[in-house]
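4 protein chains.
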Amino acid sequence: MHVLLNLSQVGYIMSASYTDSSDDETSPRDKQQKNSKGNADFCIKNIKQADFGRREIEIAEQEMPALMALRKRAQGEKPLAGAKIVGCTHITAQTAVLMETLSALGAQCRWAACNIYSTQNEVAAALAEGGFSVFAWKGESEDDFWWCIDRCVNVEGWQPNMILDDGGDLTHWIYKKYPNMFKKIKGIVEESVTGVHRLYQLSKAGKLCVPAMNVNDSVTKQKFDNLYCCRESILDGLKRTTDVMFGGKQVVVCGYGEVGKGCSAALKAMGSIVYVTEIDPICALQACMDGFRLVKLNEVIRQVDIVITCTGNKNVVVREYMDRMKNGCIVCNMGHSNTEIDVASLRTPELTWERVRSQVDHVIWPDGKRIVLLAEGRLLNLSCSTVPTFVLSITATTQALALIELYNAPEGRYKQDVYLLPKKMDEYVASLHLPTFDAHLTELSDEQAKYLGLNKNGPFKPNYYRSAAA
Amino acid sequence: MHVLLNLSQVGYIMSASYTDSSDDETSPRDKQQKNSKGNADFCIKNIKQADFGRREIEIAEQEMPALMALRKRAQGEKPLAGAKIVGCTHITAQTAVLMETLSALGAQCRWAACNIYSTQNEVAAALAEGGFSVFAWKGESEDDFWWCIDRCVNVEGWQPNMILDDGGDLTHWIYKKYPNMFKKIKGIVEESVTGVHRLYQLSKAGKLCVPAMNVNDSVTKQKFDNLYCCRESILDGLKRTTDVMFGGKQVVVCGYGEVGKGCSAALKAMGSIVYVTEIDPICALQACMDGFRLVKLNEVIRQVDIVITCTGNKNVVVREYMDRMKNGCIVCNMGHSNTEIDVASLRTPELTWERVRSQVDHVIWPDGKRIVLLAEGRLLNLSCSTVPTFVLSITATTQALALIELYNAPEGRYKQDVYLLPKKMDEYVASLHLPTFDAHLTELSDEQAKYLGLNKNGPFKPNYYRSAAA
Amino acid sequence: MHVLLNLSQVGYIMSASYTDSSDDETSPRDKQQKNSKGNADFCIKNIKQADFGRREIEIAEQEMPALMALRKRAQGEKPLAGAKIVGCTHITAQTAVLMETLSALGAQCRWAACNIYSTQNEVAAALAEGGFSVFAWKGESEDDFWWCIDRCVNVEGWQPNMILDDGGDLTHWIYKKYPNMFKKIKGIVEESVTGVHRLYQLSKAGKLCVPAMNVNDSVTKQKFDNLYCCRESILDGLKRTTDVMFGGKQVVVCGYGEVGKGCSAALKAMGSIVYVTEIDPICALQACMDGFRLVKLNEVIRQVDIVITCTGNKNVVVREYMDRMKNGCIVCNMGHSNTEIDVASLRTPELTWERVRSQVDHVIWPDGKRIVLLAEGRLLNLSCSTVPTFVLSITATTQALALIELYNAPEGRYKQDVYLLPKKMDEYVASLHLPTFDAHLTELSDEQAKYLGLNKNGPFKPNYYRSAAA
Amino acid sequence: MHVLLNLSQVGYIMSASYTDSSDDETSPRDKQQKNSKGNADFCIKNIKQADFGRREIEIAEQEMPALMALRKRAQGEKPLAGAKIVGCTHITAQTAVLMETLSALGAQCRWAACNIYSTQNEVAAALAEGGFSVFAWKGESEDDFWWCIDRCVNVEGWQPNMILDDGGDLTHWIYKKYPNMFKKIKGIVEESVTGVHRLYQLSKAGKLCVPAMNVNDSVTKQKFDNLYCCRESILDGLKRTTDVMFGGKQVVVCGYGEVGKGCSAALKAMGSIVYVTEIDPICALQACMDGFRLVKLNEVIRQVDIVITCTGNKNVVVREYMDRMKNGCIVCNMGHSNTEIDVASLRTPELTWERVRSQVDHVIWPDGKRIVLLAEGRLLNLSCSTVPTFVLSITATTQALALIELYNAPEGRYKQDVYLLPKKMDEYVASLHLPTFDAHLTELSDEQAKYLGLNKNGPFKPNYYRSAAA
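Protein chains in written order, with the UniProt record's numbering: chain G, 1 to 470; chain D, 1 to 470; chain F, 1 to 470; chain E, 1 to 470.
If you're looking for bench data, these hints aren't it; they were derived computationally from the structure. Be aware that a few hints might be false.
A pair holds if it fits inside one copy or across any two, identical chains being indistinguishable in the list.
As the list claims (entries may be wrong) - 30 Å max Cα-Cα, derived BS3-like pairs, lysine-lysine: (1) Lys84 to Lys183; (2) Lys415 to Lys34; (3) Lys84 to Lys296; (4) Lys424 to Lys78; (5) Lys72 to Lys369; (6) Lys176 to Lys369; (7) Lys296 to Lys456; (8) Lys78 to Lys296; (9) Lys326 to Lys31; (10) Lys204 to Lys424; (11) Lys183 to Lys268; (12) Lys204 to Lys176; (13) Lys415 to Lys183; (14) Lys72 to Lys84; (15) Lys72 to Lys456; (16) Lys207 to Lys450; (17) Lys296 to Lys204.
This structure is a prediction, so every number in the text was calculated from the model and none was measured.
Here chain G stands alone, though its shape is the one from the complex (with noise of 0.2 Å):
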């Protein structure tokens, strides 16, 4: 089971905190339920709580507009019309807006939960109640965990031909158990790191039976995951855990690709004075022309106030550097990889810690001197602050339309290998949410489109333009 939380499962941890914890104790496997049409096949913590689950998923639905447009312009034609779909996501009120769409699409869908503390019980009792065949509850055990997934594929008279999958473990435990079953398979679409990591292995290897859709390095994913999302998270995630006033704050930001951006300008923009560290000449160049003091880290350690770490590195705040941060320095990480700051080399036995608030923690040298380390040095952003849902919306319409794409392909177009969405789609994406900001795009002449040698319809930018500058 994977353990690496990635950024869409934050949104339930928040509003996970509001499902009732006085239930009782009865595992719900040993439960019988049924909803109030009589259909059993699910399995969940107590469908009596579908009318608040409900609720959770209409309040969704207001900040989920790309996928009500969806739901809306695609509804007549049914494009996925005799899709089954078995999905492996966290289950929250997000997702659930989701699975109704690809529902009203023509889809079936069994589902179960990609994390064993991620699910809300609630919206998994709506889903239920719905008559969507679901698989979670919160606080699943692991042995649960594959039970579940396998009750999703493992069914008589129903096999699926379509994968969403987030991390993995589905795509896996079909791998492992059912093989055969991805001769009626179109296709996998993945969702996090590591999902398409193991996915890139398996097609290195030659064992990648059918096609697959990486959806986690699509632009507009990319570009709202990491830039515009860490701009605001920073600042949420240091407030909600120290309250530090940022006006005239030293801070060094470690790594200066699109997260460190995001944290350096938002911090410079609250006043603080931002120190950047590269290892990169090309993004070191950009620092300098951004306005920010390109420094080793050795040289501004002893006067910093906050370290913040982007750089999807190793060891980048080692003890050596921790021996010598002034009093109560603050220091997290907003890069992708929990080993960025040497933990590790903090327990030891001179140095005691104090927990002082949840995700805070003092660490105090013998001469009294602390530092304040967040989130135990793993990612300060999944841990301390939320994910706003219009990034979980991207997220999800990016999965629709990529289950879309591959379930519609005509034969041929994609082969036994990891695809990344086609740049026309991603512009897709990015049109249907430009109402929420009552933007209004210009549309090509004819006379301009043949100029520019574009459709007017796009896309827009050559597939080379996909990847993020250096």
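Using the hints provided, position chains D, F and E relative to the given structure of chain G.
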């Protein structure tokens, strides 16, 4: 002869005005001149201006530290020993620094101008005095232009083995007149959009007979020419022409690529209220997230004070829009094409044109309404502002490295095709410019390099990072 | 008892949650407690919490370097030797640092709470253990409140000669019960808007019988409480309550004073599109020059995603506007009055209120439209975000200096009137906070001081610079 | 004759270059000229330039909507009927719009120039043609200067009752030559720092015999002349003189008043790294909170690329600092004094001065190091950039309102003292400029006005808000 100005030729435009215009009228072709060592293998305006030109070169040297570093680092090994480079570029102080660097690296050079107006005569004199065979003066006739190019290549006992071109005229001349010369030529380095386009056409037609390096599209050059340079030149160009106060002005920026991003950010920072138009939903969504209202031009055309085109498209601002602009509206073009504003549509009898300053026209409607048209719709940043030497330095360094790479590449590394500079050399150009900012790069530890799967010396990003973000 | 919260009481709100609420239910007034030295002249919740409170105070000390510096610099001379200070403020860790500073400077202190909910019980315990006569606990009744105040002043053999008040209740009590006490009192230092207002009323009525220092209106406090603090707390308050993504949101800020300037700047920096409303043409012109569209509320009310009031006025957002807001619009108040949003008008039968989180209500129209009302229209920054200790430090330092000034002022310097802190002391407060930022002040040379007609040690600005810009 | 340039005279500097310099050499005093109506009561360069001047005035009218609105609103009532105004200001197109407005409001005007170089001859011609008694031309001798002033006041059958002065020379002349004239004079309106200073001196000495209005210190003018105008002119001045790229440059700004705030904000926005020096701890703390490192000049002098003085002090940048600057460092002054940079210390034999452009000197040390000194240490924004007409419009409108106020004030409202414009008129000036930005002011309801204790029409702020923030 190519007429499209590319960015690198602007440096000269401003400094050109310092050239003494009271020179005698005799054509250089009719003069007999020798430098102080008796060498007469050049043709320039006036060898006596050499001292003045030398001072200009020395000043430029101070602002081109990367080339000076290149001289220092590479001089021992003379990586261009044996190279016979024929060049055709603007002949300015910055070019002189490049040429003297090439010479210091071991090359022999012969040089002509790529534009009949752009030669700084005093710089040409200094080069001739220094022993370079330069054939160029300000105010050449078209016949002079080709004669000069011919004098560079048509020499007894000397045959070029490398071409450095800016616009493709030199390359074209050799193709036409001395096609056999290509047998000894190891490669072409081309700087301009136009020249690169010609090379790709040759390549497609199977007629490119040596490897060519497209330095126009290197990351570093692109980012600096577009985002960072335009961020400054939009303000400079508007101020120099109109003295307009930016604070509180309503501005519409057409197009949100790198140029549009730079213009929008600068004007927002100066207190303007900026609207953006886009055709591409992904760029449009970025504009929204960056805090700009995304509109169609007709929604705001009546209310804006300034209209700026950055699209690369044609007829973006047509007469119909200009009819509806308010009195005093400023209209200018920062994109790459001089057809973004339909200036031709303003050449009608009912409209009066009044030249109020150099590069500034009032176009007056029958009811007295005036719009302020800058540079007759040509590129504002080329016509009305300067290009910092720092940007020219990046370009010149890239050219030098491209020459070294092609000249030293092992047989077979480059075929008869058009290449982008290897990622690693892009990074090297960037690294040579970091000392300008007293910027200190971080080095990977062995352990970190292994973790990331990178070589400690780069390249640090995959090749597909080359292209700018969508 | 005053009910308006002033800013300084917020620090406690957040940390208060750490206070153990499972304490026994006996009223402190019915308990007999002694500290470890046998002293019983206090009345608090539980003396056993002293150790925990001490730690909180120690942490606060680290973030209040100005008071610690004051202890150090002034300790030798004991400028408050002989002072008998009675105080009535929020009793928090930050206040404790102030009280212990006053004590270190020579003063004797007796203290009550200015708010029935704001006492941090563990801090009160630590103060009592340290020998302070503190009378306060969290959750006092109104009767307890006045009883505690009385215990501070109605003491055998001890009579206060200085008052430090926050809200004016202590001053009011002495006026009412022990008017003769004023004969020995050298002055009042008052912190809150409400208390200052009461003092000016007394002064106008000719009833103020001692000098009073208005520390609420000192430049440093004003700038920090308003511009700099609100710049951060608007973002924090919105995120903690709604998790809204700022990028691309349309926001209207009502009022462009210091608070409005802070809110507008922060949201613009995060990528929101901000509109401003104003009644004062000078502030309006500033908004224009700062890049905001100046509108009337009704022009944008249908399109905005967030409405923020910062006017100090009443009924700025009335029902008529809320009827026209779009679904999901967030409405909140950052001004000083809880009447800026006409919340009463929403308490009508056809509207449904739904509490979705602490401090967050959905108000639902018959057609299903929801607006998101924060803190029921009370101050967002007090209810839903924290105040940085740095701001509290500025306030506490100003209070300490005001006490020293009044206590040591030569006879006749201050009459029976309300005074602002002398400019020079404002500057001193600022200078004590510069080391936090490792900031280095330049000193005038003798020649320069003479040229400017200034004393080298300040004040550097005339007194009329005190008030913030129009 | 005063020599200090005040800001309002800059407009002319740039446009002055359009004046035909090939005019004949006869002194205007020796010419006999009449306008088309036969009037000869003026003395100017060439009445034939009137048409050209009229066009200049018409263009200026378009950018001075507030004066045009004033003409419209106040014309019915002729608030200046009977006023006989003698003026001494720069004679530019903007002044002409002011004079013709005064005339439209009922005043008679006679006018001289306050500077021997600043007259736009063609504008003077247009005014003379329009019937104004103007005595001014470009390139007056000092004798001409006083002769022209005398011709304005020493007239048979006409005696001024209002003075509009810019620099105090006119006032001085009347004091000296025609003191009795003051008996009929209702007041003086003075524009410049110098003139205001003289008036305060007269007032202190008890010699001021009529009320005077200090329009230099009105809020609107101050904010625009300093913060907003300098924010733009620092960029413009640096670009026009040096073409420097701002991105990545290290800059130190000396002084963090309004001018320093404007310069720092602009350069930070363009990607420079800005350090600030201050003597006042309150301004210093603001710099910290705004995100600037507060340093002493000697801490950064070796590393910065640009030094900008904004202090109003003397010898801020002394030789010792310039000795330590790095090669190529740019030094300029944006403060009000030309002594901020100790330029005299650079006039020593071992240093070489090289004029490289108008207003740009290289000062060269024996080791070859060059610093780039702009405008020989005089004000950069006056010497090397322009002042937007919008700022001139604010000044001219304020002058007009001050004249109306003084002329119509009931007996006794103004004593023989120097006054600031009433807050309400400041607000009126601002309100007249809002339409430029299509800005819509909100009006208080009766209920709100009562709640705030304000008149619905203002003033909206107390008088002590006049002065800018510390």
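These are the hints, each one checked on the structure:
Taking the shortest Cα distances, Lys84 and Lys183 sit within 30 Å of each other inside one copy (14 Å), while across copies they are farther apart (63 Å). In this homomeric assembly, Lys415 and Lys34 never come within 30 Å of each other (Cα to Cα): the closest approach is 42 Å inside a single copy and 70 Å across copies. For a Cα distance limit of 30 Å, the shortest separation of Lys84 from Lys296 qualifies neither inside one copy, at 54 Å, nor across copies, at 42 Å. Taking the closest pair of Cα atoms, Lys424 and Lys78 come within 30 Å of each other only inside a single copy of the chain (20 Å); across copies the shortest separation is 49 Å, beyond that limit.
Taking the shortest Cα distances, Lys72 and Lys369 sit within 30 Å of each other only across copies (20 Å), while inside one copy they are farther apart (59 Å). With identical chains, the CA atoms of Lys176 and Lys369 are never at most 30 Å apart, being 52 Å at best within one copy and 49 Å at best between copies. When the C-alpha separation of Lys296 and Lys456 is checked against a cutoff of 30 Å, the pair qualifies only between copies, where the shortest distance is 16 Å, while the shortest distance within a copy is 48 Å. In this assembly of identical chains, Lys78 and Lys296 lie within 30 Å of each other by CA distance neither inside one copy nor across copies; the values are 56 Å within and 33 Å between.
When the C-alpha separation of Lys326 and Lys31 is checked against a cutoff of 30 Å, the pair qualifies neither within a copy, at 56 Å, nor between copies, at 44 Å. Proximity of Lys204 to Lys424 under the C-alpha cut-off of 30 Å is found in both arrangements, the shortest distances being 27 Å within a copy and 26 Å between copies. In this assembly of identical chains, Lys183 and Lys268 lie within 30 Å of each other by CA distance neither inside one copy nor across copies; the values are 54 Å within and 53 Å between. Proximity of Lys204 to Lys176 under the C-alpha cut-off of 30 Å is restricted to the intra-copy arrangement: shortest distance 18 Å within a copy versus 48 Å between copies.
In this homomeric assembly, Lys415 and Lys183 come within 30 Å of each other (Cα to Cα) only inside a single copy, at 14 Å, whereas the closest approach across copies is 43 Å. In the homo-oligomer, the alpha carbons of Lys72 and Lys84 lie at most 30 Å apart inside one protomer (21 Å), although the nearest pairing across protomers, at 67 Å, exceeds that limit. In this assembly of identical chains, the alpha carbons of Lys72 and Lys456 lie at most 30 Å apart only when taken from the same copy (23 Å versus 51 Å across copies). Taking the shortest alpha-carbon separations for Lys207 and Lys450, only the inter-copy value of 27 Å comes in at or below 30 Å, while the best intra-copy value is 43 Å.
In this assembly of identical chains, the alpha carbons of Lys296 and Lys204 never lie at most 30 Å apart, being 38 Å within a copy and 46 Å across copies at closest.
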